[in-house]
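Got chain B; can you put chain S on it based on the hints?
These protein sequence lines are chains B and S, in that order. The opening residue of the first sequence carries number 89 in the working numbering; numbering runs sequentially from there. The opening residue of the second sequence carries number 830 in the working numbering; numbering runs sequentially from there.
Please keep in mind that the hints were generated in silico from the structure rather than gathered at the bench. Any given hint could be a false lead.
To be verified - In silico negatives: residues of chain S with every beta carbon more than 12 Å from chain B:
| no. | residue |
| --- | --- |
| 1 | Phe836 |
| 2 | Leu852 |
| 3 | Ile856 |
| 4 | Arg859 |
| 5 | Ala862 |
| 6 | Phe897 |
| 7 | Val899 |
| 8 | Pro901 |
| 9 | Ala947 |
| 10 | Ser953 |
| 11 | Arg962 |
| 12 | Ser1007 |
| 13 | Phe1010 |
| 14 | Leu1089 |
| 15 | Ala1116 |
Claimed, not checked - Stretch by stretch, here's where chain B covers chain S in the computed footprint (C-beta under 8 Å, at least three residues):
| no. | stretch |
| --- | --- |
| 16 | 883–890 |
| 17 | 937–943 |
| 18 | 1011–1024 |
| 19 | 1038–1049 |
| 20 | 1052–1066 |
We put the CB at the ideal spot given by N, CA and C, even for glycine.
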Amino acid sequence: MSAGIMLAGAAGALALSAVAGLFLPRLWLGATVAGLAAAFWAGAAVLAGGAPWEWRGGFQVGGFAPHLQLDGLGALFLVLLAVVGACGAVYSRGYWPDQAHPRSARVGRVWWSVHVMSLGMVLLSANGLLFLVAWELFAVSGYFLVTLERQRAQARAAGWLYLAVSHVSALCLFAFFGILAARTGSWELGPMRDQPGLAPLFWLALFAFGIKAGVFPLHIWLPSAHSSAPSHVSAIMSGVSIKIGVYGILRFGGWLAVPDSAGWIVAVLGVVSAVLGVAFALGQHDLKRLLAYHSVENIGIILVGVGFAMIAAGQGDAPWGRLALAGALLHVWNHGLFKSLLFLGAGSVLHATGEREMSRLGGLWRLMPWTASLFALGAVAISGLPPLNGFVSEWLVYIGLFDASVARGAAAFASVSAIVLLALTGAMALACFTKACGVSFLGSPRSESAARAHESGPLMLGPMLALGCLCAAIGLAPVLFWPAIDRAACAWNPAWVAMGAPASLAAIGASNIALALACLAAAALLWRRVTRVGMRRAVTWDCGYAAPTARMQYTAGSFAGIITEWFAWIMDPQVQRDCPDEPFPSHASYEEHTPEVVLERVVEPAGALTMRLYAAARQLQHGRLQAYLFYIVIGLAALAAIAVMGGGR
Amino acid sequence: MNTAVSFLELPARLAAWLLLAPLLPGIINRVKAWVAGRRGPPLLQLYYDLARLWRKSVVMSTLASPGFIVGPAVAWVAVAGAALLMPIGAAGGALSFRGDVLLLIYLLALARFATAWAALETGSAFEGMGAAREVSFGVLAEAALIAAVLSLSVQSGSTTLDAMLAPSAWPGAVLLASGLFAVLLAENCRVPFDDPNTHLELTMIHEAMVLDHSGPPLAVVLHGASVKLLLFAVLLSEAALPIGRLAPGAGAAALAGSVLAVTAGIGLVESFMARFAFRRVPLLLTAAFLLCLFALVLAWKGGAQ
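Looking at chain B on its own, in the form it has when it is part of the complex (with noise of 0.2 Å):
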């Protein structure tokens, strides 16, 4: 029963907090803050074990009673949904300040609270209404979010086209919870495994949810939004809202009966988005696109893991199929936490020097060493490196495809086929962040502002700094956070009972805190060393090369031009060169560009055609009285046909 006390009481301190936003800042974020913390507790008592816990009103609203749940999987989102949005609402005091914002912090606030809220309420219906009423107002609190700086077109047309898309996706969603209550004749939702005619409802789903999380030719919204919009509101969008699409696809995919084919089109949807969404990462040269992108890859080995565990539920419960579930909603956790922290640090940067070109930034960890350490702990659990929490989901969800193809049943052609995409997404996640960090914060300034750079304040280093430590926690003792885990995969399947972490879960810990040790010594050993030999500083040796300058160095695009070339036939990049030709050339430029592909070679064509369709079918309507009597009088004739030759039925 502590559950709904601590949710009524974070229902109501958010509710406040969505009025103080206007003119209370300090009320309103310890509302945030307090109201999140107790929605965090209300989640973790679900998860360390409790009872899930259930509401239904006595009453109706417009027809319908409200009914509420909280389960193990809904408590997974709504723990990371509180600490990120506790993180974001602190780091937004001091990134989004009033003094410089006068009007749009404020608004920012009471969105804030909105949205925070709105995605709390999805998490917690369990009535298709109520669901859909959440969802709305989900997407529209996002769209009043990402476009906080609404006097950039760049934002405007962000918003636009994210709003657009949430529609799109919103429909999908009216005719599911539609045709759903049609066939059970009732708004209520829960388990209805048993009735194998729903299943294509499934594929409705997949589409509605699989636009929310981002999956790979559905993205076409995400780099625009989640690089146009505030730094915290993007941390927010790419750690929680995104998820959120992840949570109804295995939602619905827990209570509803699936196709048979499900776990396949997920598992490879999860393939394409990991390998794609790295691919065009790499082509970018803007910090939070991308981010933007690296979501699209995670939250590819997310569903990975979500269509394993689906291909095994089909074959008989395969024990390969939990773990890889373990893996992906692990990963669900560690990718809020560490993509919300890279996008808090690419803010910082943003803040700092009004730069996200990577071309103009360089040589910040001098002037921001907190941010680039912070950045550097980021990339490394994002790269799926040990001794962080990146590596521990990613070895769950590989450990599971290696069962799955060492049993050599039906699935092990898929597994084999999955494990060495995921492995050349992981390497390319390694080459995309040690550019991002390399190139950003490594070497020297590129540019005036990234040369007058500084550090951020505590408000907004400490959120990075409490992210940055639950990644190592999660990292270094995954053990004590694999009942939670565990029991949100349980309330996924209720055919599974609780299990204990596997050994070699502990074993891999165990490693991970020697390795960190030991690193932590050697640095500290060879750090000795160096000062004790001595040191000197010169300048950086180039060939012999007398006076480099900071346009030398390598760029962002020339770093990942390797790769971004294998991916030519998808990326298509765009390029303007002007070669230098005369012995004394007075002028040379270069300029690469990756293009939305899917957005500007397929949605935007299909788009233009439809208005032209529409276009042409307008010159029927032109105001010509004659000519419209005409159509009448043709109508009534077609029908006067149909009923003199139809007559005799």
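This is chain S only, laid out in the frame that chain B set:
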């Protein structure tokens, strides 16, 4: 997890790995000298170099952060940790658990990240070039490595290195060995992927990344590289030969002989081949990947009969 490792075993293993590793580059150089009809540097040259570098002072770029020193240390720890996971014949690995093979692969990736990070510290175009090449070719090398590991896993029905590296000889082993040999050459920056002797920065990968290192950090980089070479030689030997099935004495002898043979093979390749043009490096790595993939198919189909 296997039984608790006795207190003495871990340091002994570590010492063996760390002390024996610098021998390998010496052997390669002797083989190359022998083919060319020269006397060549002493077998223990790398030990002398390391001892000298450890005592020398350091010149650091004005742009470099402390990460310039931390990077080589982390890379060295990661490679040494990966070496500890490798089973040695029937004795197994120092630490063995289900899925340890993935830890090994990701430790090597961590080493790559740390080295590339340290390289980018200096802001030098050459080191950027080297780091870009390292992480890009690393993508293909990692795909080949995981395909190789997967074929061993499918063949042995296990995801523990101890069990994976002890199958009886199977037809795929030849394919696997050739694929892994190419990965070894690429990951350790040997001809035909890279030339460890060249001093033309534009054509280098690994050496270009460590151009600015000096003194003890350079010693750590060089030593780590030799440990990595030994690691790959041991992996290749155990993947191709059923060393884990032999008696301890015979197994150790077979392992030592095989590592020597691999090392000599690298020396011969370097004597008789030229470095490839960079355009062709991805092709060669793709070929290595395909070899490992064919080994995987053989393992899969062979076991199904």
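Problem - Given as non-interface: isoleucine 856 of chain S, which should sit over 12 Å from chain B by C-beta - result: For isoleucine 856 of chain S, whose nearest Cβ neighbour in chain B is about 27 Å away, the distance exceeds 12 Å, so it holds.
Handout entry: Given as non-interface: leucine 1089 of chain S, partner chain B, CB spacing beyond 12 Å
Key = Correct as stated: the minimum Cβ-Cβ distance to chain B is 30 Å, above 12 Å.
Practice task
Please settle this one: alanine 1116 of chain S was flagged as non-interface, so is its CB more than 12 Å from every CB on chain B?
Solution key: Label holds. Min Cβ-Cβ 15 Å, cutoff 12 Å.
Exercise for the section: Measuring Cβ to Cβ, find out whether phenylalanine 897 of chain S lies farther than 12 Å from everything in chain B. Expected result: At roughly 9 Å from the nearest Cβ of chain B, phenylalanine 897 of chain S sits no farther out than 12 Å, so the non-interface label is violated.
Handout entry: Distance rule for serine 953 of chain S, whose beta carbon must clear each one in chain B by more than 12 Å
Key = 5 Å, violated
Exercise for the section: Can you take a look at whether the stretch 883–890 of chain S is actually covered by chain B? Rule is 3+ residues, C-beta closer than 8 Å. Expected result: Result for this restraint: holds, n = 8.
Handout entry: Exclusion check [proline 901 of chain S not at the chain B interface, CB over 12 Å]
Key = 7 Å, violated
Problem - arginine 962 of chain S non-interfacial with respect to chain B [C-beta, more than 12 Å] - result: 7 Å, violated
Practice task
Tell me if chain B covers the stretch 1038–1049 of chain S under the three-residue, 8 Å CB rule, please?
Solution key: Answer holds; 6 residues pass the 8 Å Cβ test.
Problem - Closest CB of chain B to the CB of leucine 852 of chain S still more than 12 Å away - result: Nearest chain B Cβ is 22 Å from leucine 852 of chain S, so the label holds.
Handout entry: Least C-beta distance from phenylalanine 836 of chain S to chain B larger than 12 Å
Key = Since the minimum Cβ distance to chain B is about 15 Å, phenylalanine 836 of chain S lies beyond 12 Å and the statement holds.
Exercise for the section: Verify that the Cβ of serine 1007 of chain S lies farther than 12 Å from every Cβ atom of chain B, and report whether the claim holds or is violated. Expected result: The assertion about serine 1007 of chain S holds, with a minimum of 18 Å to chain B.
Comparing the model with each earlier hint shows violations of hints 6, 7, 8, 9, 10, 11, 18 and 20; every other hint is respected.
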